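As they're listed, the protein sequences go chains A and B.
Just so you know, we're using the working numbering here: the first sequence kicks off at 685 and counts up by one.
Just so you know, we're using the working numbering here: the second sequence kicks off at 426 and counts up by one.
Read the hints as simulated data drawn from the structure, not as lab findings.
Treat each hint with caution, since some may be false.
[As the list claims (entries may be wrong)] Which bits of chain A does chain B cover? Going by a derived footprint, with three or more residues having C-beta under 8 Å, they are: (1) 723 to 737; (2) 812 to 820; (3) 836 to 846; (4) 871 to 879.
[As the list claims (entries may be wrong)] Computed cross-link-like contacts, EDC-like style, restricted to lysine to aspartate or glutamate with a CA-CA straight-line distance of at most 16 Å: (5) A/Lys-776 <-> B/Glu-562; (6) A/Lys-859 <-> A/Glu-829; (7) A/Lys-859 <-> B/Glu-435; (8) A/Lys-859 <-> B/Glu-562.
Quantities reported herein were computed from a predicted structural model and do not represent experimental measurements.
Cβ coordinates follow ideal geometry from the N, Cα and C atoms, glycine included.
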Amino acid sequence: MTGDERSDQELLAAHVSGDHDAFGTLFRRHRDRLWAVALRTMGNHEDAADGLQDGMIAAYRRAASYRGDAAVTTWLHRVVVNACLDRIRAGKVRRTEALPDDLDEGGRGALVSADQTAAADPAEVALRDERRRTVLAALATLPAEQRAALVLVDMEGYPVSEVAAMLDCPAGTVKSRCSRGRARLAELLAPLLEAADRDPDDTGRRNPVPPAPVEPSDAPRGPPA
Amino acid sequence: MTGPDPAPHEDQVRRLLADARHDAPVPEDVADRLDAVLADLAREERPRAVTDLAAARRRRARIRTVLVAAAAVVLVGFGISRVDLSGSSSDSSSAGSAADSSAAQENSAAAPSAPPDADLPQGALAAPVRLTSGRLEQQVRRLVDTTQAFASGTAGDTQSRAEDSSAACGDPSGPGTPIVATYDGAPAVLVLRPRAGGVQVADVYLCGERTPVRSVTVPVG
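Required output: the full structure, derived from the provided sequences and hints.
And the structure:
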């Protein structure tokens with residue numbers, strides 16, 4: 685960590701003014717969440733890396749177009765998500781049936797969320813792992829726009845209004861995409877849902893608590909609780 | 426999400442999605458790759474030495490000559506009287522000839538009064554490059570591949586074409602090579618940004634707009 689205490693907007697302004705390191709500092713600050721969005725939107729490591737790189741380059745080039753009417757993170761998410769969707773629309777993606785490989789990234793909590801106990805039952809972990817694979821495989825079958833909306837709203841926990849800004853569409857459209865996507869997932873995930881109906885304790889963790897509505901401020905965002 | 430009648434199991438679906446959230450940091454290989462691209466981008470932006478300006482002017486003059494020749498090759502090679510990147514050629518790799526023929530129809534219908542061509546360019550392609558929203562990426566890729574002289578797209582080139590694009594459409598911001606174009610029939614400027622990391626960003630500005638209406642990224646090299 686560089687320890688740079690400049691706000692996101694200050695860093696972006698510095699980049700536009702010619703500070704050659706400012707954009708890198710800004711992007712590294714938010715890179716993990718942007719990677720998570722790219723990975724879940726694209727469905728595999730390689731396509732996510734390509735999409736994230738495309739988005740980063742586009743944001744670097746178009747920084748002067750940022751007007752400050754939304755948070756810098758919102759703007760970065762918009763650029764990255766659009767770059768990912770551009771790749772999907774252009775057909776420059778691998779087959780989305782590939783299983784998510786992040787479940788194999790050991791040692792980083794990919795299989796164990798923050799609210800799991802340290803002594804997780806291996807059988808429980810395996811079951812959870814399998815459930816996640818099933819969910820991600822089902823998510824990969826959705827149209828890209830629905831997938832992106834669900835990733836941002838239900839996985840990342842962003843408010844619908846902010847996701848609307850990210851996707852550059854009305855909030856009603858975000859809600860509609862989420863609703864249709866969830867309905868389709870409910871069909872695809874029926875066995876999981878039926879199992880959960882039989883065992884109410886096995887429904888997965890709660891939805892992340894959405895953060896407070898975002899002002900165009902510069903405070904860095906943390907993941908939903 | 427609230428609503429008058431949530432679908433059955435909607436909350437459960439949302440919980441399953443939340444549980445599938447990716448929590449790990451960006452992998453090292455991806456981080457290294459992004460850092461390398463950022464370093465390339467930063468290196469490009471550094472100001473040139475004063476002694477390079479004369480070389481830059483000579484290079485712009487050479488590129489202008491190459492563009493004239495390249496445009497002539499494009500016009501002769503396609504056997505058309507105006508530059509048309511609508512994708513009606515047979516080498517399209519996108520899905521279906523139906524898409525190509527419909528795009529060709531769309532283009533011919535959209536611009537029946539497109540300016541007659543045949544004047545060779547004096548600093549850029551003579552006729553506006555025709556771009557369509559449905560095939561923008563393919564069109565940009567074809568343009569980049571056909572006129573390799575555009576691929577460098579350095580900041581110095583922007584100045585040499587400023588009078589062409591600004592006379593047509595205003596002056597988009599940022600480094601890159603502006604190309605007079607139409608976008609879905611509307612006057613526009615296509616700006617090819619300096620390439621980096623094996624890709625080139627292209628921004629489409631409608632005349633009078635200060636922000637791009639569309640942006641695509643294509644691989645180069």
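How the hints compare with the structure:
no., hint, verdict
1, 723 to 737, "holds (count 7)"
2, 812 to 820, "holds (count 5)"
3, 836 to 846, "holds (count 6)"
4, 871 to 879, "holds (count 3)"
5, A/Lys-776 <-> B/Glu-562, "11 Å, holds"
6, A/Lys-859 <-> A/Glu-829, "12 Å, holds"
7, A/Lys-859 <-> B/Glu-435, "13 Å, holds"
8, A/Lys-859 <-> B/Glu-562, "29 Å, violated"
The structure does not agree with numbered hint 8 stated previously, though it agrees with all others.
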